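Each chain, written out:
2 protein chains.
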Amino acid sequence: MEKGLLIVLSGPSGSGKGTVRSVLTEMEDFAFSVSATTRAPRAGETDGVDYHFITHESFEEKIRNGEMLEYTTYNGNYYGTEFSEVLAAVESGRNLILEIEVEGAMNVKRIYPEAVLIMLLPPDFAEQERRLRGRGTESEEIIRGRLERTHAEMKYFPRYDYVVYNREIDACAKEILSIVHAEKCAVKRHADAAKRYFE
Amino acid sequence: MEKGLLIVLSGPSGSGKGTVRSVLTEMEDFAFSVSATTRAPRAGETDGVDYHFITHESFEEKIRNGEMLEYTTYNGNYYGTEFSEVLAAVESGRNLILEIEVEGAMNVKRIYPEAVLIMLLPPDFAEQERRLRGRGTESEEIIRGRLERTHAEMKYFPRYDYVVYNREIDACAKEILSIVHAEKCAVKRHADAAKRYFE
Numbered sequence: 049m050e051k052g053l054l055i056v057l058s059g060p061s062g063s064g065k066g067t068v069r070s071v072l073t074e075m076e077d078f079a080f081s082v083s084a085t086t087r088a089p090r091a092g093e094t095d096g097v098d099y100h101f102i103t104h105e106s107f108e109e110k111i112r113n114g115e116m117l118e119y120t121t122y123n124g125n126y127y128g129t130e131f132s133e134v135l136a137a138v139e140s141g142r143n144l145i146l147e148i149e150v151e152g153a154m155n156v157k158r159i160y161p162e163a164v165l166i167m168l169l170p171p172d173f174a175e176q177e178r179r180l181r182g183r184g185t186e187s188e189e190i191i192r193g194r195l196e197r198t199h200a201e202m203k204y205f206p207r208y209d210y211v212v213y214n215r216e217i218d219a220c221a222k223e224i225l226s227i228v229h230a231e232k233c234a235v236k237r238h239a240d241a242a243k244r245y246f247e
Numbered sequence: 049m050e051k052g053l054l055i056v057l058s059g060p061s062g063s064g065k066g067t068v069r070s071v072l073t074e075m076e077d078f079a080f081s082v083s084a085t086t087r088a089p090r091a092g093e094t095d096g097v098d099y100h101f102i103t104h105e106s107f108e109e110k111i112r113n114g115e116m117l118e119y120t121t122y123n124g125n126y127y128g129t130e131f132s133e134v135l136a137a138v139e140s141g142r143n144l145i146l147e148i149e150v151e152g153a154m155n156v157k158r159i160y161p162e163a164v165l166i167m168l169l170p171p172d173f174a175e176q177e178r179r180l181r182g183r184g185t186e187s188e189e190i191i192r193g194r195l196e197r198t199h200a201e202m203k204y205f206p207r208y209d210y211v212v213y214n215r216e217i218d219a220c221a222k223e224i225l226s227i228v229h230a231e232k233c234a235v236k237r238h239a240d241a242a243k244r245y246f247e
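Taken in order, these protein sequences are the chains called R and D.
In terms of our numbering, the first sequence opens at residue 49 and continues consecutively.
In terms of our numbering, the second sequence opens at residue 49 and continues consecutively.
Just so you know, these hints were derived from the structure itself, not from any lab.
Don't take each hint at face value.
Just so you know, same-sequence chains aren't split out, so a pair can sit in one copy or run between any two.
[Claimed, not checked] Simulated crosslink set (BS3-like; lysine-lysine; CA at most 27 Å straight-line):
#1 K243 to K110
#2 K222 to K243
#3 K203 to K51
#4 K51 to K243
#5 K243 to K203
#6 K110 to K157
#7 K222 to K51
#8 K222 to K232
#9 K157 to K232
#10 K236 to K110
#11 K203 to K157
Just so we're clear, the structure is a prediction, and the values are computed from it rather than from any experiment.
Can you build the whole structure from these sequences, using the hints too?
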């Protein structure tokens with residue numbers, strides 16, 4: 049069984065990574081990773097489907113044991129991605145996309161070096177600013193904060209494998225699919241191919 | 049001006065690299081490299097279009113100076129690819145495919161490390177043998193020699209960047225196009241992207 053790829057998609061606010069990810073999953077089959085959380089299940093939510101609902105203690109133990117690929121806190125609850133969850137998907141041969149920010153991406157690469165890191169960018173900084181302002185939903189302070197944060201995020205750029213500019217959603221999604229297909233052909237992922245060829 | 053890619057396509061006899069290359073050039077625009085030769089022009093052949101017709105002395109001087117990316121002899125004449133020819137194409141922004149054997153490919157990678165090396169393979173060795181015999185045009189001795197040579201060629205496999213199995217021509221050509229598109233997005237080819245983003 050050939051392993052699937054773990055694709056990490058990062059990008060500054062306004063890069064459109066949510067939309068790109070959703071177009072990608074329409075174009076091709078990708079595995080879906082169920083996040084873990086410490087918050088209580090809401091009505092209609094199923095454990096193992098919507099989230100893995102676990103205790104605060106259990107979540108913190110997983111952090112200490114390095115079992116969380118990435119995590120964050122919101123309203124006093126933890127949310128994160130368990131390494132075992134991701135591993136199960138790729139071992140089953142399916143490709144999986146994680147949409148996470150730069151620090152989380154670095155952690156994924158450290159724990160799972162075969163991961164493919166893609167940085168999604170707006171065409172340029174001026175266009176990013178136009179897009180953030182164009183939403184018309186955020187305060188000037190929040191927009192300034194997001195633009196400022198982009199400088200910090202771009203410091204991680206050289207540690208990514210690929211950069212894709214989001215000029216147009218479909219073209220951008222197709223470029224990412226090309227990366228997925230190309231990475232499946234990488235010789236480093238076919239270490240035993242020469243031996244197997246003659247079998 | 050973003051540089052084009054130099055794609056090196058190698059593969060054992062029966063891998064179908066000639067056909068794949070011709071399908072590729074129908075699917076997308078690739079630059080064409082004019083070879084150099086020491087043989088005399090035939091009627092209707094134009095210097096600089098069909099070949100660069102150069103003298104025996106000049107060809108050997110280019111070999112000594114490391115100006116030939118790869119070369120071979122046939123019927124007492126030299127045939128080869130000049131580095132300057134390839135460089136002119138990629139500097140102009142166009143992608144170029146060279147279809148050359150493994151030793152030549154190693155030489156290309158040494159001279160031009162940005163080159164992308166793709167090994168094209170039949171699905172397996174048994175299928176390669178079926179294809180070679182299926183042609184019905186070569187002697188048993190020649191077929192044996194070609195199959196034997198594959199073992200030597202595969203020793204270079206780990207030094208290639210990608211492996212593509214030629215199960216079906218169109219799917220195979222599309223995989224190679226994915227590699228071309230993905231490599232254009234490689235962060236290593238966008239060293240100044242972070243700086244340029246904020247300009």
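A quick look at each hint next to the structure:
1. When the C-alpha separation of K243 and K110 is checked against a cutoff of 27 Å, the pair qualifies neither within a copy, at 39 Å, nor between copies, at 38 Å.
2. Proximity of K222 to K243 under the C-alpha cut-off of 27 Å is restricted to the inter-copy arrangement: shortest distance 25 Å between copies versus 33 Å within a copy.
3. Proximity of K203 to K51 under the C-alpha cut-off of 27 Å is restricted to the inter-copy arrangement: shortest distance 24 Å between copies versus 31 Å within a copy.
4. When the C-alpha separation of K51 and K243 is checked against a cutoff of 27 Å, the pair qualifies only within one copy, where the shortest distance is 18 Å, while the shortest distance between copies is 36 Å.
5. Within a single copy, K243 and K203 get their C-alpha atoms only as close as 41 Å, which misses the 27 Å cut-off; across copies the closest is 10 Å, which meets it.
6. Within a single copy, K110 and K157 get their C-alpha atoms as close as 18 Å, which meets the 27 Å cut-off; across copies the closest is 45 Å, which misses it.
7. Taking the shortest Cα distances, K222 and K51 sit within 27 Å of each other both inside one copy (22 Å) and across copies (21 Å).
8. In this assembly of identical chains, the alpha carbons of K222 and K232 lie at most 27 Å apart whether taken from the same copy (15 Å) or from different copies (13 Å).
9. For the identical chains of this complex, K157 and K232 are neighbours both inside a copy (17 Å) and across copies (22 Å), given an alpha-carbon limit of 27 Å.
10. For the homomeric pair K236 and K110, neither the shortest alpha-carbon distance inside one copy (31 Å) nor that between copies (34 Å) is at most 27 Å.
11. For the homomeric pair K203 and K157, the shortest alpha-carbon distance inside one copy (16 Å) is at most 27 Å, but the shortest distance between copies (30 Å) is not.
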